[in-house]
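> So the chains spell out like this:
2 protein chains.
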Amino acid sequence: MSKILRVNMTTQKVNIEEVPEKYLALGGRGLTSQIILDEVPADCHPLGPNNKLVIAPGLLSGTSAPSSGRLSVGGKSPLTGTIKEANAGGITSQKLANLGIKAIIVEGKPSKGTYVLRVTADNVELIPADDLAGKGTYELTAVLRERYNKKAGVICIGPAGEMRMLSAGVANNDSEGNSSRYAGRGGLGAVMGSKGLKAIVVESDKTFDAPVQDKERFKAAAKKFADILLKHPVTGEGLPSYGTNVLMNIINEAGTLPTRNFRTGRFDRAAEVSGEKLAEVAVARGGKATHTCHPGCVIRCSNVYPLPDGTVCAPVEYETAWSFGPNLEISDLDVIAKLNYICNDVGLDTIETGCTLGVLMEAGVLPFGDGQAAIKALEEVGKGTPLGRIIGAGAAVAGKVYGVTRVPVVKGQGIPAYDPRACKGNGVTYATSTMGADHTAGYAVTANILKVGGFVEPTKEDGQIELSRNLQVATAAIDATGLCLFVAFAVLDNPEGLPTIVEMLNAQYGTDLTVDDVVALGQQILKNEREFNTKAGFTKADDRLPEFFYNEELAPHNTKFELKDELDEVYNF
Amino acid sequence: MSKILRVNMTTQKVNIEEVPEKYLALGGRGLTSQIILDEVPADCHPLGPNNKLVIAPGLLSGTSAPSSGRLSVGGKSPLTGTIKEANAGGITSQKLANLGIKAIIVEGKPSKGTYVLRVTADNVELIPADDLAGKGTYELTAVLRERYNKKAGVICIGPAGEMRMLSAGVANNDSEGNSSRYAGRGGLGAVMGSKGLKAIVVESDKTFDAPVQDKERFKAAAKKFADILLKHPVTGEGLPSYGTNVLMNIINEAGTLPTRNFRTGRFDRAAEVSGEKLAEVAVARGGKATHTCHPGCVIRCSNVYPLPDGTVCAPVEYETAWSFGPNLEISDLDVIAKLNYICNDVGLDTIETGCTLGVLMEAGVLPFGDGQAAIKALEEVGKGTPLGRIIGAGAAVAGKVYGVTRVPVVKGQGIPAYDPRACKGNGVTYATSTMGADHTAGYAVTANILKVGGFVEPTKEDGQIELSRNLQVATAAIDATGLCLFVAFAVLDNPEGLPTIVEMLNAQYGTDLTVDDVVALGQQILKNEREFNTKAGFTKADDRLPEFFYNEELAPHNTKFELKDELDEVYNF
Numbered sequence: 038m039s040k041i042l043r044v045n046m047t048t049q050k051v052n053i054e055e056v057p058e059k060y061l062a063l064g065g066r067g068l069t070s071q072i073i074l075d076e077v078p079a080d081c082h083p084l085g086p087n088n089k090l091v092i093a094p095g096l097l098s099g100t101s102a103p104s105s106g107r108l109s110v111g112g113k114s115p116l117t118g119t120i121k122e123a124n125a126g127g128i129t130s131q132k133l134a135n136l137g138i139k140a141i142i143v144e145g146k147p148s149k150g151t152y153v154l155r156v157t158a159d160n161v162e163l164i165p166a167d168d169l170a171g172k173g174t175y176e177l178t179a180v181l182r183e184r185y186n187k188k189a190g191v192i193c194i195g196p197a198g199e200m201r202m203l204s205a206g207v208a209n210n211d212s213e214g215n216s217s218r219y220a221g222r223g224g225l226g227a228v229m230g231s232k233g234l235k236a237i238v239v240e241s242d243k244t245f246d247a248p249v250q251d252k253e254r255f256k257a258a259a260k261k262f263a264d265i266l267l268k269h270p271v272t273g274e275g276l277p278s279y280g281t282n283v284l285m286n287i288i289n290e291a292g293t294l295p296t297r298n299f300r301t302g303r304f305d306r307a308a309e310v311s312g313e314k315l316a317e318v319a320v321a322r323g324g325k326a327t328h329t330c331h332p333g334c335v336i337r338c339s340n341v342y343p344l345p346d347g348t349v350c351a352p353v354e355y356e357t358a359w360s361f362g363p364n365l366e367i368s369d370l371d372v373i374a375k376l377n378y379i380c381n382d383v384g385l386d387t388i389e390t391g392c393t394l395g396v397l398m399e400a401g402v403l404p405f406g407d408g409q410a411a412i413k414a415l416e417e418v419g420k421g422t423p424l425g426r427i428i429g430a431g432a433a434v435a436g437k438v439y440g441v442t443r444v445p446v447v448k449g450q451g452i453p454a455y456d457p458r459a460c461k462g463n464g465v466t467y468a469t470s471t472m473g474a475d476h477t478a479g480y481a482v483t484a485n486i487l488k489v490g491g492f493v494e495p496t497k498e499d500g501q502i503e504l505s506r507n508l509q510v511a512t513a514a515i516d517a518t519g520l521c522l523f524v525a526f527a528v529l530d531n532p533e534g535l536p537t538i539v540e541m542l543n544a545q546y547g548t549d550l551t552v553d554d555v556v557a558l559g560q561q562i563l564k565n566e567r568e569f570n571t572k573a574g575f576t577k578a579d580d581r582l583p584e585f586f587y588n589e590e591l592a593p594h595n596t597k598f599e600l601k602d603e604l605d606e607v608y609n610f
Numbered sequence: 038m039s040k041i042l043r044v045n046m047t048t049q050k051v052n053i054e055e056v057p058e059k060y061l062a063l064g065g066r067g068l069t070s071q072i073i074l075d076e077v078p079a080d081c082h083p084l085g086p087n088n089k090l091v092i093a094p095g096l097l098s099g100t101s102a103p104s105s106g107r108l109s110v111g112g113k114s115p116l117t118g119t120i121k122e123a124n125a126g127g128i129t130s131q132k133l134a135n136l137g138i139k140a141i142i143v144e145g146k147p148s149k150g151t152y153v154l155r156v157t158a159d160n161v162e163l164i165p166a167d168d169l170a171g172k173g174t175y176e177l178t179a180v181l182r183e184r185y186n187k188k189a190g191v192i193c194i195g196p197a198g199e200m201r202m203l204s205a206g207v208a209n210n211d212s213e214g215n216s217s218r219y220a221g222r223g224g225l226g227a228v229m230g231s232k233g234l235k236a237i238v239v240e241s242d243k244t245f246d247a248p249v250q251d252k253e254r255f256k257a258a259a260k261k262f263a264d265i266l267l268k269h270p271v272t273g274e275g276l277p278s279y280g281t282n283v284l285m286n287i288i289n290e291a292g293t294l295p296t297r298n299f300r301t302g303r304f305d306r307a308a309e310v311s312g313e314k315l316a317e318v319a320v321a322r323g324g325k326a327t328h329t330c331h332p333g334c335v336i337r338c339s340n341v342y343p344l345p346d347g348t349v350c351a352p353v354e355y356e357t358a359w360s361f362g363p364n365l366e367i368s369d370l371d372v373i374a375k376l377n378y379i380c381n382d383v384g385l386d387t388i389e390t391g392c393t394l395g396v397l398m399e400a401g402v403l404p405f406g407d408g409q410a411a412i413k414a415l416e417e418v419g420k421g422t423p424l425g426r427i428i429g430a431g432a433a434v435a436g437k438v439y440g441v442t443r444v445p446v447v448k449g450q451g452i453p454a455y456d457p458r459a460c461k462g463n464g465v466t467y468a469t470s471t472m473g474a475d476h477t478a479g480y481a482v483t484a485n486i487l488k489v490g491g492f493v494e495p496t497k498e499d500g501q502i503e504l505s506r507n508l509q510v511a512t513a514a515i516d517a518t519g520l521c522l523f524v525a526f527a528v529l530d531n532p533e534g535l536p537t538i539v540e541m542l543n544a545q546y547g548t549d550l551t552v553d554d555v556v557a558l559g560q561q562i563l564k565n566e567r568e569f570n571t572k573a574g575f576t577k578a579d580d581r582l583p584e585f586f587y588n589e590e591l592a593p594h595n596t597k598f599e600l601k602d603e604l605d606e607v608y609n610f
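Heads up: the protein sequence lines correspond to chains W and F, in order.
As numbered in our numbering, residues 38 to 610 make up the first sequence, in order.
As numbered in our numbering, residues 38 to 610 make up the second sequence, in order.
So here's chain W without its partners, still in its complex pose (with noise of 0.2 Å):
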């Protein structure tokens, strides 16, 4: 009953294809990077014919499963030239595995045109549409919900996409129809728009109805996870009273704040843009603390964050506020909002683009703390000069440009609002995750800053290997259910997580997994993607952070990085 879509861009035809037997027991993250290692060579262009995008709903995605409507997005990542898979909220997974496709492949290259592929209960169709050629992801995906469906999920790129950046991304939509739901990192919106496909607009009235095989059973241990989610004080409180940027103050107290391009560890004026105050301006505006970006979420971490002209960006989630923030010591709340407002528009992922400022500003192009200036550059991206396509790139690419030093990336993707010599164990993650740096990869801010799941001590060496392995692990097949990533705090720190997570999976799927099955699929899932890599021609030498976290002291704590060949041993398992 589950299919997958095969849509060939070259020749604008679509086939829809049966599940092959090796597949049925994948999904999201799983599913993405299989297909990417049995059909990409690792050796393509990522912006070539060769290399494909794969869209995939979670296992559980399109169930009654609380807070597993995450979609993954896969592809050879042009930003990075790893695998990669990013994965966002929306609504569009919960769609798609309603309406039984397990994947979505685009592959090929049409000799031009721009392109939206409609998928229906009763239809699939790719439909030319150069009209929608150039515009921002908010009003594409008004015109299409108008154009087909008020209800829709618009899966789409914006500008930045179309003219192919590296740092592109892939969004998709909440309820309210705000295209802000973003598979952003690694440039995945570059490989769709390098392919013509400007949206795919996925239209199904269900959110909760894919099939399951043990309804009651099924409902019985989704009760259950729902609760264990609720009973868990991050998962049950910080977050869904102030979302993710109660981090905020959090991380700037435990001095690992990367503050004026991770030249410190502190920002005096973290306050100002916490997530408590964000809550605060919003609610005063009319807007919202959290509220879910998908059907089913008990997490509810997302916010609505109304800007004084009128427009509304939400979510504003810590690691943007962050990137616009305290790394460019800005402390403008509302310059942060329009500059992540503006990246949502135009398709760019904001940590990738956050980053990127922070060179430019290092390479004293803008200053530092200059949030108007910073406006100004941003909206070059959309007009696509030399300046907005260098913001577009990257920040590796934008630190060649200006022959810049102190450049935070592993694997040229931008390093998220972590420092890594204060939580090192997000620094091993950063390292050796074979999705360049990457804190939801795993993300060891739980036992380093937040004493879930243990505690290890975050300026330390010790422990950091193993704490950094189990989480790429444990998050690997998690990014393979659709859960969102944000259980995992409940999970690492309830007995029962893991067991009630495996059991929706056996009810669902009629199995008998257990639990060391769902660690062996995220390891499986590690070594595909390492696979590729070591394909694509990735080493050791890869899996290093660079040279200045390594050279420089961190104020507070006045640590350095000082992991490199113990790195080498993440990947025994």
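There's no promise every hint is true.
Since copy identity is lost for identical chains, a pair holds within one copy or between any two.
[Stated by the list, open to error] In silico DMTMM-like cross-links for lysine to aspartate or glutamate, where the CA-CA straight-line distance does not exceed 25 Å:
id, residue 1, residue 2
1, Lys260, Glu599
2, Lys149, Glu590
3, Lys420, Glu498
4, Lys146, Glu162
5, Lys187, Asp246
6, Lys252, Glu533
7, Lys577, Glu606
8, Lys59, Glu568
None of these hints come from the bench; they were simulated from the model.
With chain W's structure known, arrange chain F on it following the hints.
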């Protein structure tokens, strides 16, 4: 008696060191690569304090050995990330050798400031020179020769190097003061710029008086070697008559002249930019069809091309005439010479810059064939505008900035003037050279096109691996001697060639080297370089050509490049 100058730019101190035993038998590329391997961490940032710039004359430089005035410049390349040696003619190699200087090692990084290193027989001094910051190489060289010594050799960088642009070269001058002899490739000018070193002024009245143990024996060998060069049709006739650009018509005729960013192998207006045409115009305007780039060269392949505006470009080499000519579909020699002149003055490698302009034309930023647009764009480099910065960053970066898939680079370095699909021996060299795409690293045009040193069918795979391997080994050895690579034309065809080089070395150093020892030296140099690259993370995946050479046929021979795994056999020695 010979010494190493170690210039610490962090402390601005110069140490004069004895030459360690292990370096005594090394020179040129042999010495620069050995020092880089020994002293530079392979994982350092190329523009940071831990990279080093090493400058060394060849083993025979400064003697009466004909055509032995090559100057080697080494470091970790900011363009490729590999080890790098680029060498140039000009008069400084001979002067350094006559001062008994085996190598200059520039290390560290000042907090600010611009410096000039002045080297005389009696003194070595690092002189603050902020007044010279931003000067083009022509004016700079004139000012420094006026200020210190009218016959000085000046090793210097232009504004591109100061701005740490990845394709900035290191210049030095000919006897007339033209600062146009470039160790151009790989961005070593950016390394020099990152260290705040604007120029090295080398003062010596001596040219041919480097110590020789057995002067009579040496004189006889040098005389014999000159005869060998003068008797060969390439080094005795072709090059002395028309310079390197004699190749334009030959390579076009062979159907391997990359045209319109490597789309076809023939340019219908090649004759308009050929060496024959260049010689005619140059002479008519009072320039020179050929002249020497350094005293004692018998090949005299350089030229002096006066532009209509009165400026003089000396020389216009074949690879430059190609990069700004057929590569961009430009057939106006004055435009080519003007682009060449701007590169020389601002301090950019002409091959890389031509490849970069080709990529920008591919992206639609400039129109193919529009010489005035190319000149205007190139003039942005000195101003450091975003477009100028993109141009200075080289073809690989420009490709990333504009999302271009047809980017002719290997290991980040632009592919020069011989299409690898119809001159496959060169393709093997581009793919596997330790330097990134480099025609001089193993110039298979010899046997593929010129029928020098045998004949290997250029469009077929057979024999190309062995051809490139042998040439790469021989080239590494020749690059250690300070002999111009062009001696290889004669050496390959004359069984007395290599023994005569060995005879000169033995007469100079009192050694008992054999021809086998010279081969072993070449192999050891390649092994050293490869060891550095492996440490820096390079693998066989990097030893490949860009995807499009494997997928698109080149007219008129309609051949693709098909060697992949076979390339891994090049280093089997």
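> Now tell me, hint by hint, if it's right for this structure.
Structure-based check of all given hints:
1. Lys260 to Glu599: neither (44 Å within a copy, 58 Å between copies)
2. Lys149 to Glu590: Between. Shortest inter-copy distance 21 Å satisfies the 25 Å Cα cut-off; intra-copy 51 Å does not.
3. Lys420 to Glu498: neither (45 Å within a copy, 46 Å between copies)
4. Lys146 to Glu162: within (17 Å within a copy, 59 Å between copies)
5. Lys187 to Asp246: Answer is within; shortest intra-copy Cα gap is 20 Å, inter-copy 86 Å.
6. Lys252 to Glu533: within (20 Å within a copy, 88 Å between copies)
7. Lys577 to Glu606: Intra 10 Å, inter 23 Å, cutoff 25 Å: intra and inter.
8. Lys59 to Glu568: The answer is within: 18 Å in one copy meets 25 Å, while 41 Å across copies does not.
This entry does not satisfy hints 1 and 3, going by the numbered hints stated previously.
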